[in-house]
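Enquirer: Sequence:
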Amino acid sequence: MGAIERSGYRFIPEYSVISQNGAIHVYNKERFIEEIPFSFSGKFPETDQIEELVNKYCQNHNL
1 MGAIERSGYR FIPEYSVISQ NGAIHVYNKE RFIEEIPFSF SGKFPETDQI EELVNKYCQN
61 HNL
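Per the numbering used here, the very first residue in the sequence shown carries number 1; after that it's consecutive.
Certain hints may be false.
[Claimed, not checked] Simulated restraints on C-beta separations:
hint, residue 1, residue 2, range
1, I18, N62, 30 to 40 Å
2, G42, N62, 30 to 40 Å
3, L63, I18, 24 to 34 Å
4, N62, S19, 30 to 40 Å
5, Q59, H25, 13 to 23 Å
6, A3, F40, 12 to 22 Å
7, F32, M1, 14 to 24 Å
8, K43, G8, 25 to 35 Å
9, E46, R10, 19 to 29 Å
Note that these hints are calculated values from the structure, not bench results. These numbers were taken from a predicted model, which means no experiment stands behind them. C-beta: ideal position from N, C-alpha, C; glycine also.
Just need the whole structure built from these sequences, with the hints factored in.
Expert: Structure, rendered in structure tokens:
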């Protein structure tokens with residue numbers, strides 16, 4: 001899965017299959033804002049899981 005863009009923000013997911021965890025890096029333009037950590041099981045995180053985390057972030061930050 002590539003970057004997700006919403007309201008001028010870019011969300012870039014990265015994950016480790018070995019550690020079974022990952023993070024979504026949040027940027028506004030080129031400026032790093034924060035990291036949203038998550039965990040998953042299987043070979044990769046589900047697209048729905050990442051989209052839900054981005055949706056919650058946008059709702060919580062009124063984006």
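Enquirer: Confirm or reject each hint.
Expert: Hints, one by one, checked against the model:
{"no.": "1", "hint": "I18 / N62: 30 to 40 Å", "in the structure": "holds (36 Å)"}
{"no.": "2", "hint": "G42 / N62: 30 to 40 Å", "in the structure": "holds (33 Å)"}
{"no.": "3", "hint": "L63 / I18: 24 to 34 Å", "in the structure": "holds (32 Å)"}
{"no.": "4", "hint": "N62 / S19: 30 to 40 Å", "in the structure": "holds (32 Å)"}
{"no.": "5", "hint": "Q59 / H25: 13 to 23 Å", "in the structure": "holds (19 Å)"}
{"no.": "6", "hint": "A3 / F40: 12 to 22 Å", "in the structure": "holds (18 Å)"}
{"no.": "7", "hint": "F32 / M1: 14 to 24 Å", "in the structure": "holds (19 Å)"}
{"no.": "8", "hint": "K43 / G8: 25 to 35 Å", "in the structure": "holds (32 Å)"}
{"no.": "9", "hint": "E46 / R10: 19 to 29 Å", "in the structure": "holds (20 Å)"}
Checked against the numbered hints above, the structure violates none of them.
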